[in-house]
Amino acid sequence: MARTVTTPRKLINTAFAWAVGLLIFFPILWTILTSFKTEAQAIASPPIFLNFDWTLENYAVVQERSNYTRFLWNSIIIAGGSTLLGVIVAVPAAWAMAFVPSARTKDILLWMLSTKMLPAVGVLYPIYLLFIQLGLLDSRAGLVVVLMLINLPIIVWMLYTYFREIPGDILEAARMDGATLKEEILYILTPMAVPGIASTVLLNFILAWNEAFWTLNLTAVDAAPLTAFIASYSSPEGLFFAKLSAASTMAIAPILILGWFSQKQLVRGLTFGAVK
Amino acid sequence: MGRIVLEKVSKSFGDVEVIPPLDLEINDGEFVVFVGPSGCGKSTLLRLIAGLEDVSGGRILIDDQDATAVPPAKRGLAMVFQSYALYPHMTVRKNIAFPLRMAGLDKAEQDRRVEQAAEVLNLTDYLDRRPGQLSGGQRQRVAIGRAIVREPAAFLFDEPLSNLDAALRVGMRLEISELHNRLGTTMIYVTHDQVEAMTMADKIVVLQAGVIEQVGSPLELYRAPRNKFVAGFIGSPKMNFIEGPEAEKHGAHTIGVRPEHIAASPSEGLWKGTVGVSEHLGSDTFFHVHVDGFAEPMTVRAGGEVGLRHGDTIHLTPEEDKIHRFDAAGLRIA
Amino acid sequence: MATQHSRSVARLMMAPAVVLLLGWMLVPLTMTLYFSFKKYLPLRGGDLGWVGFDNYVRFVTSSSFWPAVQATLVIVGGVLAITVVLGILLALLLDQPMWGQGVVRILVIAPFFVMPTVSALVWKNMFMDPVNGLFAHLWRFFGAEPISWLSEASMPSIVMIVSWQWLPFATLILLTAIQSLDSEQLEAAEMDGAPPLKRFFFIILPHLSRAITIVILIQTIFLLSIFAEIFVTTGGAFGTRTLTYLIYQRVLESQNVGLGSAGGVYAIILANIVAIFLMRIVGKNLDA
Chain U
924 MARTVTTPRK LINTAFAWAV GLLIFFPILW TILTSFKTEA QAIASPPIFL
974 NFDWTLENYA VVQERSNYTR FLWNSIIIAG GSTLLGVIVA VPAAWAMAFV
1024 PSARTKDILL WMLSTKMLPA VGVLYPIYLL FIQLGLLDSR AGLVVVLMLI
1074 NLPIIVWMLY TYFREIPGDI LEAARMDGAT LKEEILYILT PMAVPGIAST
1124 VLLNFILAWN EAFWTLNLTA VDAAPLTAFI ASYSSPEGLF FAKLSAASTM
1174 AIAPILILGW FSQKQLVRGL TFGAVK
Chain P
1102 MGRIVLEKVS KSFGDVEVIP PLDLEINDGE FVVFVGPSGC GKSTLLRLIA
1152 GLEDVSGGRI LIDDQDATAV PPAKRGLAMV FQSYALYPHM TVRKNIAFPL
1202 RMAGLDKAEQ DRRVEQAAEV LNLTDYLDRR PGQLSGGQRQ RVAIGRAIVR
1252 EPAAFLFDEP LSNLDAALRV GMRLEISELH NRLGTTMIYV THDQVEAMTM
1302 ADKIVVLQAG VIEQVGSPLE LYRAPRNKFV AGFIGSPKMN FIEGPEAEKH
1352 GAHTIGVRPE HIAASPSEGL WKGTVGVSEH LGSDTFFHVH VDGFAEPMTV
1402 RAGGEVGLRH GDTIHLTPEE DKIHRFDAAG LRIA
Chain D
14 MATQHSRSVA RLMMAPAVVL LLGWMLVPLT MTLYFSFKKY LPLRGGDLGW
64 VGFDNYVRFV TSSSFWPAVQ ATLVIVGGVL AITVVLGILL ALLLDQPMWG
114 QGVVRILVIA PFFVMPTVSA LVWKNMFMDP VNGLFAHLWR FFGAEPISWL
164 SEASMPSIVM IVSWQWLPFA TLILLTAIQS LDSEQLEAAE MDGAPPLKRF
214 FFIILPHLSR AITIVILIQT IFLLSIFAEI FVTTGGAFGT RTLTYLIYQR
264 VLESQNVGLG SAGGVYAIIL ANIVAIFLMR IVGKNLDA
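Residue numbers (the numbering used here), protein chains in the order written: chain U, 924 to 1199; chain P, 1102 to 1435; chain D, 14 to 301.
In case anyone wonders, no lab produced these hints; they're calculated from the structure.
Beta carbons: idealized from backbone N, C-alpha and C, even for Gly.
Be aware that a few hints might be false.
[What the hints assert, rightly or not] Selected chain P positions facing chain U (Cβ under 7 Å, derived; list incomplete):
1. 1153
2. 1173
3. 1174
4. 1180
5. 1182
6. 1184
7. 1186
8. 1188
9. 1190
10. 1199
11. 1200
12. 1203
13. 1204
[What the hints assert, rightly or not] List of simulated lysine to aspartate or glutamate pairs, EDC-like, C-alpha gap at most 16 Å:
14. P:1304 with P:1167
15. P:1175 with P:1155
16. P:1195 with U:1107
17. P:1195 with U:1106
18. P:1423 with P:1413
19. P:1350 with P:1428
20. P:1304 with P:1314
21. P:1304 with P:1129
22. D:297 with U:1030
23. P:1195 with P:1210
24. P:1195 with P:1229
25. U:933 with D:108
[Unchecked claim] Take a look, some chain P residues computed to stay more than 10 Å from chain U by CB distance:
26. 1108
27. 1275
28. 1344
Could you build the full structure based on these sequences and the hints that come with them?
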């Protein structure tokens, strides 16, 4: 049983933790605030915290100049497509490993994990070459496939750990009750696994959204997602802090919101079930 | 109908033979209990009958039909799992109706049977709840309800009471026995608890290391255990075993006497010893007695209010005709 | 547990994932190995024949190799040290009773969800810009001369940016581990007369050791292949060229594929050494 603590003690904890939390969050907060400033106010000295003329102008300029929606659309298609494809491939595999384990299941799981450890740079040229040969360079389809492959081990692992929590008894009970394999998956397994599948989808969508090695190296114009959109701001041109902030906010806002929902699954997904 | 016959049924996992070939007959309407220590293969045997495991050899006949290769759902058996295995995302009503839904019964018939089962099991008020909102005993009843509605040829119970607390267990034991009386359907019940076996069974099958040690009614097993293992497993507290000169006097390697078949007296008797721990249950008192010359302490049942204390001298006399004799291999000498 | 029939179905269900990953692993790996033994310059003559281990020797003897190793070690080591130490302290803090715990947790975790290119650019410009960055303002406020962070203190800057990104990960995992500690253990230690600091070193830290190992291993694997942060901040200049970045430059910028591939093989071997340790821990956990 957790012991109750005195109110002063709790007050100190609260004040200290909030201070640290805000300090860590500050760069994001500052970026969001700056995105609503004019360029002059963005670099004012001393810096202005809240007392500025709020404007949406930067967002309009960013959209107009670099066509934000096109990058956003690419990000959604690439992250969403790779996640969806990954889940379709991983659900049956994880199901089989969780409910019909064999002597080799563990080896297969670990081997899958080992493919995740392959450093991207080690296979950069072969993939680059294959993409040129197959005409996939700067295509969304190509990136969907590559991101699906690099995240597939994580998807399989996460689903496996979720499926393993479904007691085998229940599936046997269904079998005794006359459910066929199809009915078992449809009526028993799927409803019970939906929360796990949802968290898996969420976390992998985030990972794919933020992936910044293959998306930078395999795209140019047509298929470039938000990671590349932001990278195009790396060479400054005049006053651009407010616009950079607006672009950054637009790139991270969707995922920050999703991320807050997935914090619990983050641990499980990224430690392959080793920490829960 | 629910007559189940096992012919030379065996099961191996890889190279490990967990059940050597065994034969067993279960008659229609019988309440059969498989009992044995954990790991004795009793659950595996039940799962072989259910069809959840493939047999490695032999045949399983259900109502004289070879069911060895028939999938679980087609065997006409219903199973109640140790964990209850309720579907957590379905209401009680849907849980109970699930096997009917799978069998393709029409909605009205499903409802009728579910209502009926719920009434029998006192679940009518809980039909729209989910398993998570029920107590252990209620969940247990839902699991049984799911089995009843199928009107199976036989019920299979896999340690159904082991997750309940002691008081509830006694109650559910009665309920299951009553259910058996009312339905008259064959029931196969697996447990490691010999009290459950003794109180519920028409026929007990004692298993050890996958081998059937003895089959018989509770009293047969109590009166004439075929070997030391059964003698020690059936009955509570455990039978006392004595080796050495005392056994040789009876022409045996080992003799066994149940605690309730020994008379205790402060003054005179066959064996003399010292009282160790005494357990007072009110109705009975159990003394652990260190008898001079015996290797193991003996357990003795005395009346409720015998005034002997730790360290007192006690005299014990076994009832001659209740002494069980075993040879060096542990088999009963008739 | 299972019947013959379900086993063959299971094999069929695993096939697509296994085949895809097998292809993903074997095809590029074979190609990398193949190229690493060739003199291959796509823009300057193409395939110029087999050269044996020439590329492997040239990669490690080039003047940029050791600085790259050093840069890699500094970044990985620096970030690990910062995130693990601060992560433990933060996890302990977040485990205390307080008001608004959920919100604080979210604030702390947020940086993890920021895409690497964004965090690198935001830090580079809004904080580390020598004229208009917040740090420059801060330095001037205290009367100091602003520092041109990414050129004068390039390594500490990158370590700082990357640590900010990975601190949430370490904190979250360590917090999860702390919360799994049975509070009765701590109470027992308290009854046994252990003061708070001793309770930390004798009970909490040993309990965390496995989580710490996992944090170190997983982060090492990700940190070894840090790319975007360097790509958008220094472009590998000012001594921040890591092994990963060096290989990237050899392959895509100077199009010396043979040399780059040899470097890639080194990177793969290095990552596998770390991976073996991680897999052992994860594998043990599977049995439990």
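Self-check item: In rising order, the numbers of the hints this structure does not comply with
Solution: 14 and 18
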